[in-house]
Structure formats: C-alpha cells, structure tokens
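Asks: Residue numbers (my numbering), protein chains in the order written: chain V, 186 to 402; chain A, 186 to 402.
Keep in mind that a hint or two might mislead.
Pairs count within a copy or across copies, as identical chains cannot be separated in the list.
Here are the simulated BS3-like cross-link-like pairs (lysine-lysine), alpha carbons at most 25 Å apart as the crow flies [stated by the list, open to error]:
id: 1; residue 1: K329; residue 2: K356
id: 2; residue 1: K258; residue 2: K329
id: 3; residue 1: K240; residue 2: K252
id: 4; residue 1: K258; residue 2: K402
id: 5; residue 1: K247; residue 2: K268
id: 6; residue 1: K356; residue 2: K366
id: 7; residue 1: K402; residue 2: K240
id: 8; residue 1: K252; residue 2: K402
id: 9; residue 1: K402; residue 2: K360
id: 10; residue 1: K329; residue 2: K252
id: 11; residue 1: K381; residue 2: K402
If you are wondering where the hints come from, they were derived from the structure by calculation, not from laboratory data.
There are 2 protein chains.
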Amino acid sequence: MPAVVLLSGGLDSATTLYYALNRGYRCHCLIFNYAQRHNREIRSAVRIAASTKCKYTVINLKFPWSKSVLTDKTSGIPHRELKDIYESSVVPPTYVPARNTVFLSYAAGLAESIGADTVFIGANAVDYSGYPDCRPEYIRSMQKALRLGTTNPRIVIAVPLITKSKVQIVKLALKLNVPLKHTWSCYTGGRHPCGKCDSCKLREKGFSAAGVVDPVK
Amino acid sequence: MPAVVLLSGGLDSATTLYYALNRGYRCHCLIFNYAQRHNREIRSAVRIAASTKCKYTVINLKFPWSKSVLTDKTSGIPHRELKDIYESSVVPPTYVPARNTVFLSYAAGLAESIGADTVFIGANAVDYSGYPDCRPEYIRSMQKALRLGTTNPRIVIAVPLITKSKVQIVKLALKLNVPLKHTWSCYTGGRHPCGKCDSCKLREKGFSAAGVVDPVK
C-alpha cells in the first residue's frame, strides 16, 4: 500500500519511516525546507530516504512569518534543563506557527494524488517540547478535517510514536535498524549537535536511558 | 482588530474582503500562486488588495501533485451546464487536492504571528462546484484543528458567504462597493472570461439573477 511519510531527518521521523516500511508500506517521503536554522536536517532526511530507496520530494516553503527562533536567526535557541522542559506550561520559542498543519496539508494532497490512505508523522506527546501540533487531540481533529476536506474520507494520520517515550523510540529504532548515525535532531545549525537545546536534551535522555551511545555524538 | 483574508481575486473572495473591512477588521490578505492555469486571478487579487490599502502577501507554492485540470495544463477545463453542476455527485476535475487546507494552514500561521483571531475565507456551499473543502462541516472541523494545533484556541474561520447563493453574493458585493470589474472568476487562462467553465457559469447566474451586467464581460 502506498503511504506518505513526513520526514524531517530527526530520530522520530526516521524511526517512523522505518516503522512504515517494516509494515509493508510503499513510502513517499515529504521533506520540507522552510528556511529552518538547522537545515542540516534536510541533508539527513534526503540521505535516509535515498538509502531506503523510497521516493522522496523536497518542498521549499517560505513562511510569511518569523515568529519562531527556528526560523528567525537573530534570536537564540533556548537552553533548558530537562526538568524545565517537562514542567513548562508555555509553548517554547522553537514552536513554528502552524508547521505540522502545513506539512499535513501537503501530505494529504500528495496522498490524494497517489491514492494513499495513510500519512505517517513522527509526532510524539511524551518526551517532547510542548508543541500544540504534536498533541493527540490535534492529530485526531486534523485527521477529521482531512477526511472532510479531501476526496478521501478514509485518510488516516498514523502516529506510531505518539505515546512512546524517547527511550522506547530509541529501542524501536535499534530494532528496526534505523541508520541512527545519519539522523539529525539538534536545533542549532552547527557542524556538531550542541547538546544544549531541547531536542538534544530529549535525544540524549533517550539514548542514555536505553544504555546506548548516540552515534551522532 | 487584525484579520487574515484569503484572497483569490474572484467575486467571492473580493466580497469577503470588503465584508471584513466593512466590519472594521484590519485585513492582511494572503494571495496564492500555485501555478494555477488562471494565474491572471493573482493580478486581480493584488489590484484589489492594493486598492483597499490592505497589507498583502503573495505566496508562491509548488504543489508536488498535478491531479487537477487547474494545474495540469495538458487537460481541458470541463464545460458543464448549470443543471449538471448542481446535480453532479462527483468532485469535478477542477478540484485541487487539499488546496483550502494548505491555504488555511498558512492563514492560521500568519494569524498567529500577527495576533489575529480571525481568518476569512470566501468558501461557499450553495452555488459552487462541489469541492469537499468548501463544505461547512469541513470548515468547522478545520477550525477545531487550528484551535488545537496552534497557540490560539480562539481562532475563528469566518465564512460570511457559506450559505449565500450567487445572486445574494452579487447583491452584497454591489452594496459593499466591491470593484467587480477587477475581479476574475474564469478558470481558463485567456484574456477574456470563457463563459463556459463552472466558475463562469455560476458567476453569470448570479449577475443575471441580480439583474445587473457583469462589468468583466
């Protein structure tokens, strides 16, 4: 069966792609260049997609807003302790307005045109940064909107990682032979992961709890 | 109050813009260039937005699919009788996959970044071509998805024309002094409206029922 997979090049989306492939889906990956600070992840995504021999498309988007430190390079990426990431009740400045909604809209359009009933996204609501567009209730409601707003009333947004912890994701990735050394999670645009941003902190937590060394380090 | 208005340059979206302005909204128009066959409408949209002194942004999109005769210029625009437009139970080939969902996602992101609670779209479910993404149930469900997937749980998708007939829209446009001669509805890319596509047929019905001459003709 054909499926569309949103692939950012990070740990979660790469694991989601391998999960879908393992389930027998013929995947078409969508990779987005939205002028993100860490556009190095695009290279990772392309490499991962190409290594699986999946079809993939890179979409260049220009968001008419810059209300995120991920796209506005004049401001800094926050460094928070894990405890603060979990306890914070505010949406962090790395949130990009409507990002997953734009990505899922594109995925739905592509799914419609290739006859796919399933769109995979590596959204996670356990060890995550507190983005509204990663919550299960958002995913459910977006699925309903896509069912009503496209010609496919059966379209499914599949979120295999939604209730998994980072350590469970790392273990799943190892089981599925995800090429972890080619994934990229860090929000900063450097040559090496900064180890200080939310994304690095959450990734590190997963690897250390799984008792394995992160090959990207 | 700030608002985002999706402006295609057609009769419905121009009337929606004037409706919003009349209600006192400070409008930011979003105009999309998605390689539509009738990209002449973009010129109309820009002209209308500029004449109102509203802020506007033209977004260039490249959809990774061509499953629509509006973007695939190798196939023809269908010519149907009004009766067939109304009685048809199939989605016409002019439907563009996920178009309004992509547009509304962008609108929501812009709304979030300018602090707007309202997104206006000229969707209409009475005299329309049978697109799933113009139906009230879709709009309601998309609004819910946007409320959950952004940082604004109060965001509203305003659809002032949703239950209006084309003749009611023409009458409203006249009342609001919409510059009808600058609007463009025809799906074909010619210099003059073809008079034969669904969009021309529905527009003509509205003007003739209102007893006025369409200034675009």
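Asks: Against each hint, give a clear statement of whether it holds in the structure.
Replies: Hints, verified against the model:
{"no.": "1", "hint": "K329 to K356", "verdict": "neither (31 Å within a copy, 35 Å between copies)"}
{"no.": "2", "hint": "K258 to K329", "verdict": "neither (35 Å within a copy, 31 Å between copies)"}
{"no.": "3", "hint": "K240 to K252", "verdict": "between (32 Å within a copy, 18 Å between copies)"}
{"no.": "4", "hint": "K258 to K402", "verdict": "within (24 Å within a copy, 49 Å between copies)"}
{"no.": "5", "hint": "K247 to K268", "verdict": "neither (34 Å within a copy, 41 Å between copies)"}
{"no.": "6", "hint": "K356 to K366", "verdict": "within (14 Å within a copy, 63 Å between copies)"}
{"no.": "7", "hint": "K402 to K240", "verdict": "neither (29 Å within a copy, 46 Å between copies)"}
{"no.": "8", "hint": "K252 to K402", "verdict": "neither (30 Å within a copy, 43 Å between copies)"}
{"no.": "9", "hint": "K402 to K360", "verdict": "within (20 Å within a copy, 66 Å between copies)"}
{"no.": "10", "hint": "K329 to K252", "verdict": "between (27 Å within a copy, 22 Å between copies)"}
{"no.": "11", "hint": "K381 to K402", "verdict": "within (13 Å within a copy, 63 Å between copies)"}
The structure shown violates the earlier hints numbered 1, 2, 5, 7 and 8.
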